[in-house]
Amino acid sequence: MPSFAAVDGTELAYRVVGEGEPLICIPGGPMRASSYLGDLGGLSETRRLVLLDLRGTGRSAVPDDPATYRCDRQVADIEALREHLGLERADVLAHSAGGDIALMYAARFPQRVRSLVLVTARARALGIDFTVEQRLEAAELRRGEPWFKAGFDAFKAILAGTATDADWDAAAPFFYGRWDDAAREHAASEVEQTNEEAAELYASSGAFEPVAAADTPALILAGELDGGPLPRVAANIAGLFAHAELVVQPGAGHYPWLDDPDRFVRTVAGFLRNR
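In our numbering, the protein residues as written are 1 to 275.
These are calculated hints, taken from the structure and not from any lab test.
All the given hints hold, so there is nothing to weed out.
Lysine to any residue pairs mimicking SDA-like chemistry, simulated, CA-CA at most 20 Å apart:
{"no.": "1", "residue 1": "K156", "residue 2": "E133"}
{"no.": "2", "residue 1": "K149", "residue 2": "R135"}
{"no.": "3", "residue 1": "K156", "residue 2": "V132"}
{"no.": "4", "residue 1": "K149", "residue 2": "A163"}
Now the in silico label distances, taken between C-beta atoms and shown as ranges:
{"no.": "5", "residue 1": "A182", "residue 2": "M1", "range": "18 to 26 Å"}
{"no.": "6", "residue 1": "R275", "residue 2": "T162", "range": "43 to 51 Å"}
{"no.": "7", "residue 1": "E192", "residue 2": "E19", "range": "25 to 33 Å"}
For every residue, glycine included, the Cβ atom is placed at its ideal position computed from N, Cα and C.
Given only the sequences and the hints, what does the whole structure look like? Please build it.
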């Protein structure tokens, strides 16, 4: 697995999947190893995916200073990766909590970002957060599912901060458009792929000093059934960019490349093809 040295000397690893123009991929979680992204539903057939393991996750080394897990302090790692790859400008894709890193990177290094793809991504860096009410609104859309009753009670416990491990398991279906075998397998890997200490420090005080949306083309991809963000909140995020395209993937949850790989790849590849 290839690697490079961050500015502070931490050795960071990344996976390369596919051929073609590089696409730097920032995972979410927060602080989940990039392996959960897979090949993004087959996007590797159109782009060379460079999937970074954030510091302390996957095969990347644990930093000497745990304070560097804070979201804004990881922005320099993306720039170090770009330099390591020898790219003048990079296309950057980010999922979920990784959206904040991507947004801050684009704001700090606008001349280095050709385009942004934000997949069901957070935007605390732009001053937009996702509320408990919004999460519950999306959850209510699943009321017809056989797992809804037990899952909804567990989901409320998670939002209240009182969840047990069993609650997390019961609420997992809310994050997927289809609760099938592929979704179950994907959800089961989350704990072992996540650095919990790093996740606790990711959103430390001062991590999300608001920045302005970069003046770069952006694709904001939301899931119809996802609460983070709701489609209308994703529209608000898109509205902060001078050049943004909003796409709401029908029937998708928080991992749209699993719910409908073909549609996801068509959307992302089509956007990138026009940059």
